[in-house]
Amino acid sequence: MPIVEKSLVEGLERSESLQVEGIDVSGDWNTFIASRVHTDLDLSIVDWVRGQPQGATIDRCWQCGTCTAGCCMHTDYGLEEFNPRYFIYLAQLGYDKELARYAQTVWRCVSCNKCVERCPKGVKVEEVVHSIGTYLELTGTAPKSPADRFDEAYTRNLLARGILDEAGLFQTFEAGEGRTLPTGEKLRMGLRLLLTGRLHTGPLAKRTRGWGRLRPVLERMLSEDLARRRQDLPARLPPKGGP
Amino acid sequence: MSGTAASPKETPAYYPGCSMDGLGKAYEVSCQLVLETLGLPLDRIEEYNCCGATEVKNLSHDVSVALPSRNLALARDMGRQTVVAACNGCVYSLARANDAMEDPATSARINARLSEGGAPTYDGQAEIRHVLEYIRQRAGPRGVRAAVTAPLKGVRVAPYYGCLYSRPKRYTKVGLEPGRDNPENPYFLDELLEACGAEVIHDYPAKTICCGGGHALSDLDVSVAFSASVLNEAKRAGADVVATICPLGQINIENNLDRIRQAYGPEVLLPVAYFTQLMALAFGRSVREARLKLNFSRPDLFFRARGFA
Numbered sequence: 001m002p003i004v005e006k007s008l009v010e011g012l013e014r015s016e017s018l019q020v021e022g023i024d025v026s027g028d029w030n031t032f033i034a035s036r037v038h039t040d041l042d043l044s045i046v047d048w049v050r051g052q053p054q055g056a057t058i059d060r061c062w063q064c065g066t067c068t069a070g071c072c073m074h075t076d077y078g079l080e081e082f083n084p085r086y087f088i089y090l091a092q093l094g095y096d097k098e099l100a101r102y103a104q105t106v107w108r109c110v111s112c113n114k115c116v117e118r119c120p121k122g123v124k125v126e127e128v129v130h131s132i133g134t135y136l137e138l139t140g141t142a143p144k145s146p147a148d149r150f151d152e153a154y155t156r157n158l159l160a161r162g163i164l165d166e167a168g169l170f171q172t173f174e175a176g177e178g179r180t181l182p183t184g185e186k187l188r189m190g191l192r193l194l195l196t197g198r199l200h201t202g203p204l205a206k207r208t209r210g211w212g213r214l215r216p217v218l219e220r221m222l223s224e225d226l227a228r229r230r231q232d233l234p235a236r237l238p239p240k241g242g243p
Numbered sequence: 001m002s003g004t005a006a007s008p009k010e011t012p013a014y015y016p017g018c019s020m021d022g023l024g025k026a027y028e029v030s031c032q033l034v035l036e037t038l039g040l041p042l043d044r045i046e047e048y049n050c051c052g053a054t055e056v057k058n059l060s061h062d063v064s065v066a067l068p069s070r071n072l073a074l075a076r077d078m079g080r081q082t083v084v085a086a087c088n089g090c091v092y093s094l095a096r097a098n099d100a101m102e103d104p105a106t107s108a109r110i111n112a113r114l115s116e117g118g119a120p121t122y123d124g125q126a127e128i129r130h131v132l133e134y135i136r137q138r139a140g141p142r143g144v145r146a147a148v149t150a151p152l153k154g155v156r157v158a159p160y161y162g163c164l165y166s167r168p169k170r171y172t173k174v175g176l177e178p179g180r181d182n183p184e185n186p187y188f189l190d191e192l193l194e195a196c197g198a199e200v201i202h203d204y205p206a207k208t209i210c211c212g213g214g215h216a217l218s219d220l221d222v223s224v225a226f227s228a229s230v231l232n233e234a235k236r237a238g239a240d241v242v243a244t245i246c247p248l249g250q251i252n253i254e255n256n257l258d259r260i261r262q263a264y265g266p267e268v269l270l271p272v273a274y275f276t277q278l279m280a281l282a283f284g285r286s287v288r289e290a291r292l293k294l295n296f297s298r299p300d301l302f303f304r305a306r307g308f309a
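Taken in order, these protein sequences are the chains called A and B. Residue numbering for the first sequence follows the numbering used here, starting at 1 and increasing by one per position. Residue numbering for the second sequence follows the numbering used here, starting at 1 and increasing by one per position.
Extracted from the complex, chain A is given alone in its bound form (with noise of 0.2 Å):
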């Protein structure tokens, strides 16, 4: 049984006014949660986020909580459910069923970084999480969500030049999302922005000198780096989606 906040567990059983054997229990003891055996637990996904780089810190978690405590989308944002400690206590049961039900979570850390900042045990936190939502993204069991898009859009529109094209990734972006271009007063800030020499975009973008050298070998070690960690997916779960 996962140690877990007391508004996320689930089948919880609350009564205003409870009898056990005759025996009034109701006050500090009118909470009670059913039972519950679990036997699918399944390693395979704290074996492969050890495996990755990002996620190599993540057997030295204590789960004092000290991350979720000062997370900034679980306390200033206030998504409740957004729950490093228990994402990666999870993923150390290997209970992804329970996990699964963050699929539409996990993803939205802001990278603020405050938890490796106070991880007492030196667990890159953020990196560990983001590696548990890669998991769950390259296992089906999570969507591919709007951050990795646009991680991935803004890696492409950087290793093109060096240099990234903030316009062009917008507009990348923004039409992969199916969303139209800006109007009224976003347009306005666009065009001042160009006006005012903020954006080089099109045919002025910039572009490091001697890149084309360069770019080749790391888009190799990018499509290297993303074909592996499908290799390293457990065999039993076959890799989903595309390349």
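Since the hints were made in silico from the structure, they are not lab data. Do not take every clue at face value.
Stretch-level coverage of chain A by chain B, calculated; a stretch enters the list once three of its residues show a Cβ under 8 Å from a Cβ in chain B [said to hold, decoys possible]:
1) 50-62
2) 103-117
3) 145-152
Note that the structure is a prediction, hence the values are computed from the model and not measured. Here a beta-carbon is modelled for each residue, glycine too, at the ideal position from N, C-alpha and C.
Please build the complex by placing chain B on the supplied structure of chain A, with the hints as guidance.
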């Protein structure tokens, strides 16, 4: 890090990154004005490449280490040990690469690839500084005070550090070496703004929170909520203006202004400016020279109303 400490007289290398040469133009221009006034030179790394911020690492660890390492290698080829960057995202990814390159196997693997692509190899000996730390370390509040000709008297400023300026310390070494800022309760910006004569709001809840900029396009709700929170908390603490130290934070907050107005009302809005724009004003530069009109939150209007030329 093994090598010897950088000479205190060394002119550091300057890594502009994509933002300073683009969206962060007002930061770049005002930064140069401030450094010039204080007599703190920086030598620009030419032909740099984008650092990869927090995005590339989610796809490939090695690419995310190779990108910053190439820039650090260029700085080392210039004979420099200290590398100054003005963007929190750049500071983070440069420092993260530094940390990864301490591992001999990683260093050998990445350097082999850099060589193969005709790029210089990186010896792992650079030290990364945010420009805020550089100014605080070299000029200090005393040096800044001596340069002030138009103090920001009666201007209540909320210093906003954002996320990746100091953290995580395992990468940035902030708080782990003498003369560095405090990673949990940074104060260098407070000191510099105070030296400029501003009334600094030292404590407000949003001082080091994330601006949500990393997910500005992929998770709009979050980026609007965090941006609004920075402005709202600064305003509740009585601020007239928010000072930023990161182009990503500045741009993300300003890009969300219309949504913040719609969701939370116009009373939440505040002018937002790069700390170097405020310092330039205090050093007697005009609102125009400090490029305050480039900011969408219009700090130019505020400062003109306060009698700044």
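Status of each hint after checking the structure:
Using a Cβ-Cβ cut-off of 8 Å, 3 residues of the region 50-62 of chain A lie near chain B, which meets the minimum of three, so the contact claim holds. Counting residues of the region 103-117 of chain A whose C-beta sits closer than 8 Å to any C-beta of chain B gives 8, which meets the bar of three, so the coverage hint holds. Here's how the region 145-152 of chain A fares: 8 of its residues keep a CB closer than 8 Å to some CB of chain B, so the rule of at least three is met and the hint holds.
Consistency with the previously given hints is maintained throughout, with no hint failing.
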